[in-house]
Structure formats: structure tokens, C-alpha cells
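Spelled out from the first residue to the last, the chains are:
2 protein chains.
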Amino acid sequence: MEQFLENAKSASRVLATMSGSERNRILREMAQALRNNTTNIIAANTIDMQIALDTNLSSSLKERLMLDAKRIDNMAVAIEEIAALKDPVGRVIEGWVTDANLKIEKVSIPIGVVGIIYESRPNVTSDTAALCFKSSNGCVLKGGKEAEHSNNAIAQVLQNVLTDNALPKELIALLPDSSREGVAKLIRMDKYVDLIVPRGGEALIQFVSQNASVPVVKHDKGLCHTYIDKDANINNAIAIALNAKVQRPGVCNAMETLLIDAAIASDILPKLKEAFDEAKTQLKGCEKTQSFIHVALASDDDFNTEYLANILNIKIVEGVMSAIEHIVRFGSGHSEAIITENISAAEQFLNSIDAACVYVNASTRFTDGGAFGFGAEVGISTNKLHARGPMGVEGLTTYKYKIYGQGQIR
Amino acid sequence: MEQFLENAKSASRVLATMSGSERNRILREMAQALRNNTTNIIAANTIDMQIALDTNLSSSLKERLMLDAKRIDNMAVAIEEIAALKDPVGRVIEGWVTDANLKIEKVSIPIGVVGIIYESRPNVTSDTAALCFKSSNGCVLKGGKEAEHSNNAIAQVLQNVLTDNALPKELIALLPDSSREGVAKLIRMDKYVDLIVPRGGEALIQFVSQNASVPVVKHDKGLCHTYIDKDANINNAIAIALNAKVQRPGVCNAMETLLIDAAIASDILPKLKEAFDEAKTQLKGCEKTQSFIHVALASDDDFNTEYLANILNIKIVEGVMSAIEHIVRFGSGHSEAIITENISAAEQFLNSIDAACVYVNASTRFTDGGAFGFGAEVGISTNKLHARGPMGVEGLTTYKYKIYGQGQIR
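Those protein sequence lines, which keep their order, are chains A and B. Per the numbering used here, the first sequence starts with residue 24, numbered consecutively. Per the numbering used here, the second sequence starts with residue 24, numbered consecutively.
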């Protein structure tokens, strides 16, 4: 394992001197190579799907695992979109001249080697490999066991393009030992690995955060709230609340708890109940909510739960300050929204809530790399430092200072 | 301890709604309060100095520990300079409009509660407290045992200013249990502490890095190189090499190893020897160096040592690529310099070396917050992520996305 990671690290240095246009040309070759190898990739995926059938994998996992020609073409298109992004490396972030007449440039550079740990969807293999290559990083990928054959086939195609271009195939490496022990080793190899991005269940993220000596950017829990203020446009409020909950309940930017200003509770609650009943959402509510509509009681445990399902807590609060207090207590710092036409309430909410993304009059579902205009994403960071929120190619860079003197000493 | 840190965390939220001019006014009051309490602070420092005498503290540590009216005035001036800096919080770092017509602003915000662990110099207490207050962060300070009375007196003065302004004194908190166990607890309290900055010896930094669950920005080893290229201006080269080593050998941005292009070794080595002999520098060299000047042999262990003393390794290399290879192997990613008039050599060095600060024709001694124009500094980060190099108030901020919609759903 150590030798393998050392190779990945030295391979990553090759990218430092390669031009952006060269990297983009190779990315476009990778996209084409995926299309050309559609049959091989589907053959490998068929093996994974057969094992999934034999081992009674859930239908939702099988749905995520399955590849067909259309999905493989989508993977190719994603790589082409990444190739079309502006070069994230070599950007002068800031520049100035000091008192001693030194010219300082703060310049974006790759991080080095990025380890990405993820679950069933095989397209994550090509997406993250392409994001890392675009940003001149080597990557070590550790996909889900259930997608092993698919991931191997995809990585093989991308590695062949590297080899055809006289580049080391270790730039896009699959972790050789994909057991829990393999992961445990990987996250302690700070000599060779510069960043770990775990995407997956809470157990994985806990394990990685508690045991890594490599810096970690977590793609963790999204316990998102929407607060409907007394000065909300009621039609907007209902549409946004419904969208935030039901459009795709299983994702981290979906709403789990709806906060409602007491001043408009009697007016809006029946309308919300009608909308959510139609969407087959299971509603829970605080005691005050129960005095307006017929729902089960929501406990503090419920307010602390990321359902990732079509279930919603409702709580009545006394104005924006009280909404903020609830979010400080239960929020996970991911995405929070206020619905209001009142500029003071909006400003107070925007300034007081400490989350990666704070919305006024829009659905929390917009928290992702695509919607932000970042192209694909490595994940949605719930870290407070380095990258926060949707993490695109810019999140895969760090910086150095280049300092130009003419003989200065102190 | 948990209650104490919970209080620090809620205190830090108070700062979110305070204006920058208000924070600056309070900082100027703190500066004045330090001057007004010169007698008290010196009295406390006298106790520490007496204990230092009784416990045979080294003279260099005593020199760092000692406070007099002039040093206290310098601390006050530093706070006034920090007050005069541009507000690091609330800055719009980027802003754009998405395809869905959402207006996104990426805005700088405080990190929250910052824990700073440091050693003997008591001025670090007021410097870091002021930097944290300026950037709207709460801080938990853990100074050296040997400076305990001085640090208590300084913190007390600053806390009194907070109380006079109806602010919670927990915004500038001293860690109540300053034992190793106290530190061990602090660095696992990720619920209340958002960042730990350890400044100090390798043992402390190792301990913190290996055991923290709170994110860490290390102020770690500086194993800095200067490479004299064949196309160097020889006078510049000698002046810069001398300055980088001898102006203050005990600091992290001082040079430890001098790399010399073989093409100019016979010309420059005798001149360098003369200059370093005059500065009483102890020289070690590779075998090739020994064929030109009389020096002890430098081993790989020497090339791996941060001397923090007036000792220098010299190595002869075959051009810029060979210099880069040596630095990749032995450098600590802090500060590296090339001396050359050749633009291609300079560019190759600047682009290939992965360090926080890479210099052309200047001394590595410029790597600090003051020289960079950042005002005071929390430390010099040897992390690759979050803050890199001199870490001023901007390094004490993170960001959030504020997203303005008009009812958008997905």
C-alpha cells in the first residue's frame, strides 16, 4: 500500500508542468474512450448487477448501480463539461507589492493526491477522476464493493487514455485493498495523500473523521430547515416548502423541518397540509401545530433526524429570532432558507445563520455543484474550513505565494 | 471544561451582529487599557521571572518572557495596528447569478471559536486575542506555564474592556485546565471549538495533530532552502544567503541548507565561506563541497534537520532540476528561494516547488505576517489546506454562500 501511494504521489507531480489545454484534450479523449467502450463497461456492470441480484441488494441501490448506454454517454458528457471549465490552477487569487518592494502573487495550485471514498454509483468514478485530473491532482478512488467490476472497467478505460498519452496510470488509481483495513491505512498516509473526501453513510464518515491523519473534507449530514416568515408570499412559501421536501427526499439538500411563524400559522397550515397530503408526505408537528392540523407529535429526536425520506417535521416559532434559535440547536450547517418579503428579516436570517448555504426565497434543493455553476462536484462539504458547500474543481486547489525580489534582505 | 467551552461558543455568536467600527473602537480601548495597566502587568511578570530564576529557565526563554513598559507599549501598538486593518468579515469574495436567476454571494465570516496553544512570549496573548476579536472570533488561549501570571494579567485587562462594553468576557478566554490533559480535552471538543492553532515544539504539534478531532492549522517545522543558480548575481546571492541564515537563526523562516549550482561552486564557495566564517556560522557540506572548502561532512540526517541555530548545510547540485529534487526530498513546504537572473530557471523553480512561499532573489526571512503586510499573525501555517504561510486575520475567516431568490424551485 505504501509503495502504491508513493507512486501515486510522484505521478501527481507530472501534472504540475502540463498545460491546461493539454489536460482538456486528454479529458475529451477520456470521454470518447468511455463511449467507445460502452459494451465492455456494460458487460462488467452486468456482473455487478448479477451479484446484486444474488445478494438481494435493495432496489434503490440496484437502480443507482445500473449502467446502460445512455448513462455511459452521460458520464462522457460530464467529462466534456469538466474539460470546458476554466482552468482552476494557476489563477492569481491576489497580488500586491510589499513595503520592501517584493511583488507577491497568491496563486492557485493543485492539492496533490486526493483520496475519495464513495458508494454505489459508478459514474462517481469518472466524475471525480475527471475533476481531479482537470485540477492537476492525482486521485485514489475507493468505490463501493457492490460496484467493483463496473468501477474497474471505467478506471481501466481512463487509465488507458493516460498510458496512450505517456502519462503514469497511477494518476487515476483504484485503492488496491478496498477493505475497511485498506481504508484505515489510506487515511493515515499523510506523507502521500493530501486530502480525503468521504461520501457515504454516517458510520463511514465518523470512522474517517475520528481516525484520519490526512485532512478530511466531509460530505456529511444535511439537516436542512425552511422558515416561513409572517411576511412571506404565501404561494411562494408553499411551492418552495413542497419542492424542498418532496422533489427528491433522499438527498442531503432536502428539507427535514419546516418552521412557521406563529402569526401566519392558522392561515398557512391547512394549505400546507393539503399540498403535502397530495405529495404523500408523512407529517409530524409540535404541539402548537397539532392545534391547527391533524399530525403526529414531533419529538426532539425527530427534529434531530435527517430522514432522507418523504417525512417532514413542522414547528411553529415566534418570529425570525426563534427560528434562528431552533436552527442553531438542530441545524447541521448545510443549507437553510427563509421565505419572506421583509428585508430586515431576510438580512437577520442571512447574517445569523452559520451554514454553508443560506437562502432567501428559494428551495434548499439548489445546493449542488451543477446548480451553482461549478460543473460536476466532488461532494457537498459540511466542513467549516477549506471547502464549504458544493465542492467543484476550485475546492480541489490550494495556493502558494510566489514572491519576486531584486536582492531583498531583512 | 465542557461548560466553559459551551459558554465560549455562545459568547462568540454575539460578535456576528457587531459592526466593524464597534469592534475597532473596543480594540483601541484594549490597547489603552494595556498601557494604563503597565504596573500591574509588570508586577505579574515579575512573579513569572522570579519562578524562571528559581527553576533555572534558559536565558533565551527568560529573554522572551520578560516584559517592561516598552514591550507593553509595543503590545498596545500592535492592537492599534490590528484595529486599523480592513474588516476581514463580510467581504464579498465572489458573486454571480446562476442559470436559475439565483444571485449567489460568497461572503467571508468568522470561524467561530479558535483555540491557540503557544509558549513563552506573553505578547502572543494580546496579539492573538486582538486578531480573533478583529475577525469576530471567540478565542481560547493556552499559553506557556512559565508565563502564567503574565498571561492572566494581560487577559484580565482585555476581559475588563469586554465587560465595560457589556460583552461576555468568555470572548477572550484562558483555558482553565492548562495541563496536558486539559489540552487533550480541548482538541477533542469539536462541538464547541472550530479550529486549533498549535505554535510550539515538534512534540506539541505531533500530539495535537495525532489526537485532535477539531481541525488543526499547524505552525510547524521550517526546513528552508536557498538555491544559488549558475546565473545568479553573485553579490545578491551572498547577501541573501547570509541574511537567510544568520539574521535570526532561531526562527522557522531561516535557511537550513544552501544549494549551489556546480557550475559556479569553485567561484562562489570561497566567498561564501569567508562571509559565513565572519558570522561565526558552523558549516557542513556534501563531499563535493569538501573538495572546494574545508567543512565537516553533512549527512542525510543533517539535511533533514531544522537547526534553529547558526549552523548551515551546503550541497552542490547539478542545476535547477537537481535543486528541486533535493527540496522535494527534504523540504518542509515552508519557504524556498532561488537566486538567479535567468527567467526560465526562476519560472521552473516557482512552478515546481510545492511550498507555502517560493522566492526569487529574496531572503526566506520575509515569510511573516508583518513583512507580507497582514499586520500581526496567528502563526505561519505549514498546512496545505485552509490557511497556508503567514496567517493573519483573513486566515481566521471562512465563508458562507448567501443566495437570493424570488421563489425558485427545482
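Derived from the structure by calculation, the hints contain no laboratory data. Worth double-checking, as some hints may not be accurate.
Identical copies go unnamed one by one, so any copy, or any two together, can satisfy a pair.
Unchecked claim - Subject to a maximum C-alpha distance of 27 Å in a straight line, what follows is the list of computed BS3-like cross-link-like pairs (lysine-lysine):
{"#": "1", "residue 1": "K214", "residue 2": "K192"}
{"#": "2", "residue 1": "K407", "residue 2": "K208"}
{"#": "3", "residue 1": "K241", "residue 2": "K407"}
{"#": "4", "residue 1": "K253", "residue 2": "K311"}
{"#": "5", "residue 1": "K85", "residue 2": "K303"}
{"#": "6", "residue 1": "K244", "residue 2": "K407"}
{"#": "7", "residue 1": "K214", "residue 2": "K32"}
{"#": "8", "residue 1": "K109", "residue 2": "K129"}
{"#": "9", "residue 1": "K129", "residue 2": "K244"}
{"#": "10", "residue 1": "K129", "residue 2": "K303"}
{"#": "11", "residue 1": "K294", "residue 2": "K311"}
{"#": "12", "residue 1": "K192", "residue 2": "K109"}
{"#": "13", "residue 1": "K253", "residue 2": "K214"}
{"#": "14", "residue 1": "K126", "residue 2": "K168"}
{"#": "15", "residue 1": "K192", "residue 2": "K407"}
Model, not experiment: these values are computed from the prediction.
Could you tell me which of the hints above the structure violates, numbers in ascending order? The structure conflicts with hints 10, 13, 14, although it agrees with all the remaining ones.
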